[in-house]
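S.K.: Modelling step: build the complete structure from the supplied sequences, incorporating the hints.
These protein sequence lines are chains A and B, in that order. For the first sequence, the positions run 886 to 1481 when our numbering is used. For the second sequence, the positions run 89 to 337 when our numbering is used.
Any given hint could be a false lead.
[Said to hold, decoys possible] One-sided and incomplete, this derived list gives chain B residues near chain A with beta-carbon spacing under 10 Å: (1) Asn102; (2) Gln157; (3) Ala165; (4) Asn269; (5) Tyr273; (6) Ser275; (7) Ile279; (8) Ala282; (9) Lys283.
Hints listed in this document are in silico derivations from the structure and should not be mistaken for laboratory results. Positions of the beta carbon are idealized from the N, C-alpha and C atoms, including for glycine.
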Amino acid sequence: MPTYSAPVKDIKFLLHDYFNLQKLEHIPAFAEATPDLLDAILDEAAKINENVFQPLNLSGDGQGCRLEDGKVITPDGFKEAYAQYLEGGWQGMTGDVKYGGQGLPQTLGLLLNEIMVSANWGFAMYPGLTKGATESIYAWGTDEQKEKYLPKMYSAEWAGTMNLTEPHCGTDLGLLTTKAVPQDDGSYKITGTKIFISAGDHDLTENIIHLVLAKIPGGPDGVKGISLFIVPRDIINDDGSVGANNGVSCGSLEEKMGIHSNATCVMNYDEATGYLLGDKHKGMKAMFTMMNEARLGVAIQGLAIAEVAQQNAVAYANDRLQGRALTGPQNPDAKADPIMVHPDVRRMLMTNRAFIEGSRAMTVWAGILVDTTREHPDEAEREKAEELLALITPVLKSYLTDQGVEAASRALQCFGGHGYIREWGMEQFLRDSRIAPIYEGTNGIQAMDLIGRKLPANGGAAIRAYFEMVQTFIDDNKTNDALSNYMPGLEKANGRLQAASMWLMQNGMSNPNNAGAGAHYYLNLLALVTMAYFWADMAKKAHEMIAAGEGDKEFLENKLITADFFYGHMLPETAALKAKIEAGATSVMGLDAHSF
Amino acid sequence: MKILVPVKRVIDYNVKVRVKADNTGVELANVKMSMNPFDEIAVEEALRIKEAGNAEEIIVVSIGPAQAQETLRTALAMGADRAILVKTDDLVEPLAVAKILKAIVAEETPELVILGKQAIDDDCNQTGQMLAALLEWPQGTFASEVKLGEGTVNVTREVDGGLETVKLTLPAVVTADLRLNEPRYASLPNIMKAKRKPLDTKEPSDYGVDTARRLTTLKVEEPAKRASGIIVENIAELVTKLRDEAGVI
Ligand SMILES: Cc1cc2nc3c(=O)[nH]c(=O)nc-3n(C[C@H](O)[C@H](O)[C@H](O)COP(=O)(O)OP(=O)(O)OC[C@H]3O[C@@H](n4cnc5c(N)ncnc54)[C@H](O)[C@@H]3O)c2cc1C
Ligand SMILES: Cc1cc2nc3c(=O)[nH]c(=O)nc-3n(C[C@H](O)[C@H](O)[C@H](O)COP(=O)(O)OP(=O)(O)OC[C@H]3O[C@@H](n4cnc5c(N)ncnc54)[C@H](O)[C@@H]3O)c2cc1C
Chain A
886 MPTYSAPVKD
896 IKFLLHDYFN
906 LQKLEHIPAF
916 AEATPDLLDA
926 ILDEAAKINE
936 NVFQPLNLSG
946 DGQGCRLEDG
956 KVITPDGFKE
966 AYAQYLEGGW
976 QGMTGDVKYG
986 GQGLPQTLGL
996 LLNEIMVSAN
1006 WGFAMYPGLT
1016 KGATESIYAW
1026 GTDEQKEKYL
1036 PKMYSAEWAG
1046 TMNLTEPHCG
1056 TDLGLLTTKA
1066 VPQDDGSYKI
1076 TGTKIFISAG
1086 DHDLTENIIH
1096 LVLAKIPGGP
1106 DGVKGISLFI
1116 VPRDIINDDG
1126 SVGANNGVSC
1136 GSLEEKMGIH
1146 SNATCVMNYD
1156 EATGYLLGDK
1166 HKGMKAMFTM
1176 MNEARLGVAI
1186 QGLAIAEVAQ
1196 QNAVAYANDR
1206 LQGRALTGPQ
1216 NPDAKADPIM
1226 VHPDVRRMLM
1236 TNRAFIEGSR
1246 AMTVWAGILV
1256 DTTREHPDEA
1266 EREKAEELLA
1276 LITPVLKSYL
1286 TDQGVEAASR
1296 ALQCFGGHGY
1306 IREWGMEQFL
1316 RDSRIAPIYE
1326 GTNGIQAMDL
1336 IGRKLPANGG
1346 AAIRAYFEMV
1356 QTFIDDNKTN
1366 DALSNYMPGL
1376 EKANGRLQAA
1386 SMWLMQNGMS
1396 NPNNAGAGAH
1406 YYLNLLALVT
1416 MAYFWADMAK
1426 KAHEMIAAGE
1436 GDKEFLENKL
1446 ITADFFYGHM
1456 LPETAALKAK
1466 IEAGATSVMG
1476 LDAHSF
Chain B
89 MKILVPVKRV
99 IDYNVKVRVK
109 ADNTGVELAN
119 VKMSMNPFDE
129 IAVEEALRIK
139 EAGNAEEIIV
149 VSIGPAQAQE
159 TLRTALAMGA
169 DRAILVKTDD
179 LVEPLAVAKI
189 LKAIVAEETP
199 ELVILGKQAI
209 DDDCNQTGQM
219 LAALLEWPQG
229 TFASEVKLGE
239 GTVNVTREVD
249 GGLETVKLTL
259 PAVVTADLRL
269 NEPRYASLPN
279 IMKAKRKPLD
289 TKEPSDYGVD
299 TARRLTTLKV
309 EEPAKRASGI
319 IVENIAELVT
329 KLRDEAGVI
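M.R.: Next up, the structure:
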């Protein structure tokens, strides 16, 4: 059975040493979050995830969810584990204290999200969707709505979902047909069918608060006519108690590739009473509050699955004896050496390691940006953070989830044939990982969002701020001998990114297919340059700490070796990406559709 | 009544322990440390007694380095009311710990002291017994069940032959065994509240206790590596080998 131990040491390095959250105390959420408190929270979260949620991962996958008498039953043990989650008061961690939350930084929320997804992805999605729903209600709800829903959702007594997708529309939500008919009392009657609704029904909570996109008849066509509604599964009485069903039911469960323990539901709304959330016809805007944060949450799923798969691959590689080291036996007492000695196994493990630690730094950065946009006292700082966050969100969503699949696959490969066998759990990781590039806006859509919306937004302000950040770092550290393994590589890769940006600007206008064809490559190029920036900067920190005799020397030296690996074996990919972008759309679009 | 629960900061039970290169001890630098698991059980038991309405206050105490504060905060996050850190960087032996605890008992006047039956680092299994002797209190060690009566406590003990139940008159010392209970996870709101609970810092000298070691450690070594096994042909050969080569029968 696979095992998991939360990467608390690396997280603490990022929070305390590298990003040094203490210097962010002017942001209210961080003022409370002293290092000793963060450590205590991380340690306790690690325990409950390792000991309670993780042991249900493999069994939950095997058993899956089932639909009985119109109700979804989660796998054995999930109810009890959820009760412990509720008891632990974890759901309200980042919520506003006014509604019973704990007011801790979103940065911490993202890190605990990583731990929970590593431990048990299918389980983690139930609270994850509740979090997404509360974000939208918090941002767009009236005071009355907030008071009605947030306390019960922060306490995890009620769950939440997001209902966008319909059978004929996933990416193109302008096509949706679920309708919302206004009633005299100001509420709406919601009727329609939604598909693929994660956690659409389950037996973990007393009620489920659905957020549903629907059209009010007579409104504008397309996405401009979509509104967002709060639709409780069961009617909430005036005294707050839960009453009869509100015309909301789960029609069936999807049979699917992975995340079996999370119910993916067809949801039927039959004149269900709904309440407008935010403004009429502005549903997409309201939904995007949830989507942007949810996209970061999904990005982290890529990191999380890589981490747990890697941990198991490392343990196996140290244990499995097969073949001899190329340089002569390392384990002369036995007939073979552990496969950890083989450079090809190392290639897989180091690629995963550099990806995992690099993307963890990127997600903590994104988390700090989120907290900055919400709470920084200086408006200019908030705006700058908002721009960078908007730019980096699709990059993280797409790159981390694509690479999460690759990392899970490499980890499986380290197991040889046993990776393909169920009981080792590696094939589950690979299957689970595969949803992340699809939902919450496919990765293709993330790339289009980056190129079509985020780059040109506000006259290119975000990408300019980004280049300034990287360039300043290069200028400041060019002559730092300790960073001589990195700075030339970073400068070159950054040059490629700049050249590719220019090329797209010049060639994407005249022929939009050039932009569409290069979008995915461009996103990956931007991701790699960002990761290179963080690897060089983390190496700088590691050097400084070693020189000052601070921290765990072995841990810090390993950071340097991993940084070297990233620069030598992963960053050169940027040259290929630039070439692919500049190859343009001609051959991509050349074939007639019927010729395929 | 008050309950006193001593807790020790030890190397985490998941850590693979490494012996220092100079054989003077085990490597503790940059190693994960946690509350001794038996002490967690002791804290949990105290909490259950309080939650059942049979105690008013739980005081946790740790004797160790400044970082033992984290261990005390963990106990506070579980639900203990306040903490005392007796700060020392010395390796304190069970007798000195028991003497410090005796002095704290005199100050705090608890009616029950619940300890872990042993710490997983040195496996001494002595502190509770020594404390009972110094206080001249009854002791119930290796508890798998603790039931409070009127001025008494029934302790079910895990002994070689099975279970033995003893009835102690309060005040008393109890040491917790593994099966006594399953400790809770601290909730997030309680972790945050723990930050604000009182934590007093003292030193062994405040209690007039000298923590100088009475034992000298000669050498710390890894257990010998297991040699590879051999396959024997039949029972007779096995018996011969056990007698002549292994010398165990
Ligand atoms: C397990 C699971 C859980 C889910 N959970 C939820 C949920 O909780 N709530 C919810 O509302 N939905 C959920 N979904 C739905 C998910 O968000 C959609 O599947 C996703 O948005 C893609 O939509 P689609 O399946 O209709 O694919 P399509 O939109 O048909 O896309 C098919 C392919 O075409 C590409 N494509 C489409 N349009 C464009 C374009 N304009 N430019 C470039 N490429 C394009 C896509 O990238 C994709 O590769 C879930 C799906 C699954 C499988
Ligand atoms: C579904 C399935 C069907 C199969 N069918 C058959 C069959 O019909 N007949 C049959 O005989 N076998 C069969 N196999 C076994 C399959 O061929 C082996 O699993 C495969 O050869 C790998 O061996 P292993 O599983 O022992 O992995 P290992 O040899 O333990 O390899 C583990 C990892 O270490 C790496 N590694 C090992 N040694 C070295 C080295 N010297 N240098 C670099 N890297 C190294 C490997 O590349 C791999 O990544 C099957 C396996 C499966 C899963």
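S.K.: Which hints from the list above does the structure break, by number from lowest to highest?
M.R.: 4
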